[in-house]
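Spelled out from the first residue to the last, the chains are:
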Amino acid sequence: MQERAREFAVIESLESGKTIRESRDVDIPLACNHFFYYAGWADKLDYAFPNRKIESLGVAGQIIPWNFPLLMAAWKIAPALAAGNTVVLKPAETTSLTALKLAEIIEESGLPPGVVNIVTGFGETGAAIVNHPDINKIAFTGSTAVGKIIQKALVGTSKKVTLELGGKSANIIFEDAPIDQAVEGIVNGIFFNQGHVCCAGSRLYVQEGIAEKVIKKLKQRMESLYVGDPLDKNTDIGAINSKEQLQTIEKYLKIGLDEGAEMYQPKCAIPKKGFYCAPTLFLNVAQSSIIAQEEIFGPVLTIQTFRTVDEVIQKANNSPFGLAAGVWTDKGSRIFNLTSKLRAGVIWANCYNKFDPTSPFGGYKESGFGREGGLHGLSAYLKLS
Amino acid sequence: MSRIEVLKTYKIFIGGQFPRTESGRYYTPLDSKGKALANICLSSRKDVRNAVVAARKAFGPWSERSAFNRGQILYRIAEMLEGRQAQFVDELMRQGSSKVAATNEVNLSIDRIVYYAGWCDKYNQVVSSVNPVSSSHFNFSSLEPMGVVGVVAEQSTSLIGLVSLILPAICGGNSTVVLASEKLPLCAVTFSEVVHSSDVPAGVINILTGSPEEMAVILASHMDVNALITSNLESQLSNKLSLLSVDNLKRKFDYEVNWVEKDKQALHYISDLQEIKTTWHPIENVGGASSSY
Chain A
1 MQERAREFAV IESLESGKTI RESRDVDIPL ACNHFFYYAG WADKLDYAFP NRKIESLGVA
61 GQIIPWNFPL LMAAWKIAPA LAAGNTVVLK PAETTSLTAL KLAEIIEESG LPPGVVNIVT
121 GFGETGAAIV NHPDINKIAF TGSTAVGKII QKALVGTSKK VTLELGGKSA NIIFEDAPID
181 QAVEGIVNGI FFNQGHVCCA GSRLYVQEGI AEKVIKKLKQ RMESLYVGDP LDKNTDIGAI
241 NSKEQLQTIE KYLKIGLDEG AEMYQPKCAI PKKGFYCAPT LFLNVAQSSI IAQEEIFGPV
301 LTIQTFRTVD EVIQKANNSP FGLAAGVWTD KGSRIFNLTS KLRAGVIWAN CYNKFDPTSP
361 FGGYKESGFG REGGLHGLSA YLKLS
Chain B
1001 MSRIEVLKTY KIFIGGQFPR TESGRYYTPL DSKGKALANI CLSSRKDVRN AVVAARKAFG
1061 PWSERSAFNR GQILYRIAEM LEGRQAQFVD ELMRQGSSKV AATNEVNLSI DRIVYYAGWC
1121 DKYNQVVSSV NPVSSSHFNF SSLEPMGVVG VVAEQSTSLI GLVSLILPAI CGGNSTVVLA
1181 SEKLPLCAVT FSEVVHSSDV PAGVINILTG SPEEMAVILA SHMDVNALIT SNLESQLSNK
1241 LSLLSVDNLK RKFDYEVNWV EKDKQALHYI SDLQEIKTTW HPIENVGGAS SSY
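Residue numbers (the working numbering), protein chains in the order written: chain A, 1 to 385; chain B, 1001 to 1293.
Source of the hints: derived by calculation from the structure; they are not laboratory data.
Treat the hints with caution; some may be incorrect.
[Claimed, not checked] Once the Cα atoms are required to be at most 27 angstroms apart in a straight line, the calculated DSSO-like pairs of lysine-lysine come out as:
no., chain 1, residue 1, chain 2, residue 2
1, B, 1240, A, 152
2, B, 1264, A, 160
3, B, 1057, A, 341
4, B, 1264, B, 1122
5, A, 160, B, 1252
Go ahead and model the full structure; you've got the sequences and the hints to work with.
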């Protein structure tokens, strides 16, 4: 995979619309490293779960989304194989190419035929996987709505399931935070991959005393973001994945305006052809606003202010989701206060959107269950008794 | 003059208090000879909802107690149960157990509580990890309790099934709403008296008697319950509860376990009811590397 990284990166950006800088520097290297990490687990599984007997599950059915096509394939396939399972993977209908390219590499690598199988298709193909009687485990990454349909379909079966679903993650900036770094963190948190990120920091909470300053700096920073051709190395924000998704995002922009929020978009040039969305802020947002409650899955940030620690914990936790959160402050004791009280599976303190094969990822509440990555990611693919 | 026996009123346990069911309903389970055991509260939807409110209120402070202190409190439950051993043996025998079986069940229950008391300040060390990420960050994963756990207690035992499901949940900092065995409810009510006198904060354990079928669907569809555990439940009801649990993606575990067996206690009953939280923080990279010390 590493030898063909450039090929993967170009295909990934061509098909998904994400910037080549991201494909090249984030998605593809992380996908390679994920396989490397889990390969090493294959002969050490006995150490992973003390005092328990482990067995492979059998056939794992895996359904992945279009936001990180190759990386999600790696997150699914690598731990499944390390734990001795075989795989039927369905990539998203708009982003199937890198998974098929991966199939070529898998074939070349000498993995026996049938161990990894990749089937392309729409939702009905996914449903066929979910409902197949000879599949032992379902792993799904995607929307909470579809996750619930899958979970319902599996009731009464013995299939094991893990769901990695939506989010509406809080990014919290305290007055003593390093402001320039925090602004970079906000930008990275919400505009990375056009906001097509389940853990995107889409709800910004800024402490009142620095709100004006942060918002001003954020707007300035957004003026310098370059929206355009995903294959241009200078592009910061690439194309929206599909026309359908662009329509969803635009629907939410209208809802935000109708709800009385104040919208800000920088005066950046947007390509005339293709699916693009300018980076967007919403100010004067209420906690109950639809745009602050529902996952938009686009480059759209809501901004609210807060005064006290207690208030921001309550606001941040006031969501059916619980995937991730960010906290920016210079005070160590406050970081650990916040990180232990925020009800989310991944907490980034003074950073955001960091990923690593050794680091378990997954949510609380309606963001799904089970973890991917690290030692904890193995349990999803093993029968423990 | 002969003395008239003072019969015990079996009430439910919500938020550290012993109310009657707000519905005013009761039922009368029978012993093996067809004789009435007692009048037992037939709890209602409203009781379940009240219990969830009490459990939610108790969850934050309970989960923030030091693990050591939770261990002390759990151990205190065992102590108090030991002190009432004869009463539990008597109740089990009235519900059909032989003396030997009853004594075994009570002793095993006490030992199991001590077992989980000891886990309180240990499970997180065993299951947590520091993750060696490639970037310059300190990254660790540790366990956090899920929140309010609904417990449909084992129906075929009065005490051991109850204890085996409640203890791992509260050991890990969760609060619980427990539906007792319908036909064998006596020990559940007496156990709540033990809990009440054991420094367990109000609301951490709430115990309701009545029809589990009626109450479990309310627990399963309650949006403020985070997890639901059941034991040897017949599949039709179990599936129904699973389906209802999807609405807020409740974590659901149905244990097919004979709790009377000695080794049916383990770390994973605790960790099943825990979320894994991963925290990242940057590490400054200035100096140090070339200094000799």
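Against the structure, the hints:
Restraint check for residue 1240 of chain B and residue 152 of chain A: the C-alpha separation of about 10 angstroms stays at or below 27 angstroms, so the hint holds. The hinted pair formed by residue 1264 of chain B and residue 160 of chain A meets the criterion: a straight-line CA distance of about 22 angstroms does not exceed 27 angstroms. Between residue 1057 of chain B and residue 341 of chain A the CA atoms are separated by roughly 15 angstroms; this keeps the pair inside 27 angstroms, and the hint holds. Taking the CA atoms of residue 1264 of chain B and residue 1122 of chain B, the gap is near 19 angstroms; set against the 27 angstroms cutoff, the hint holds.
For the hint linking residue 160 of chain A to residue 1252 of chain B, the alpha-carbon distance of about 12 angstroms falls within 27 angstroms, and the restraint holds.
This entry satisfies every hint, going by the numbered hints stated previously.
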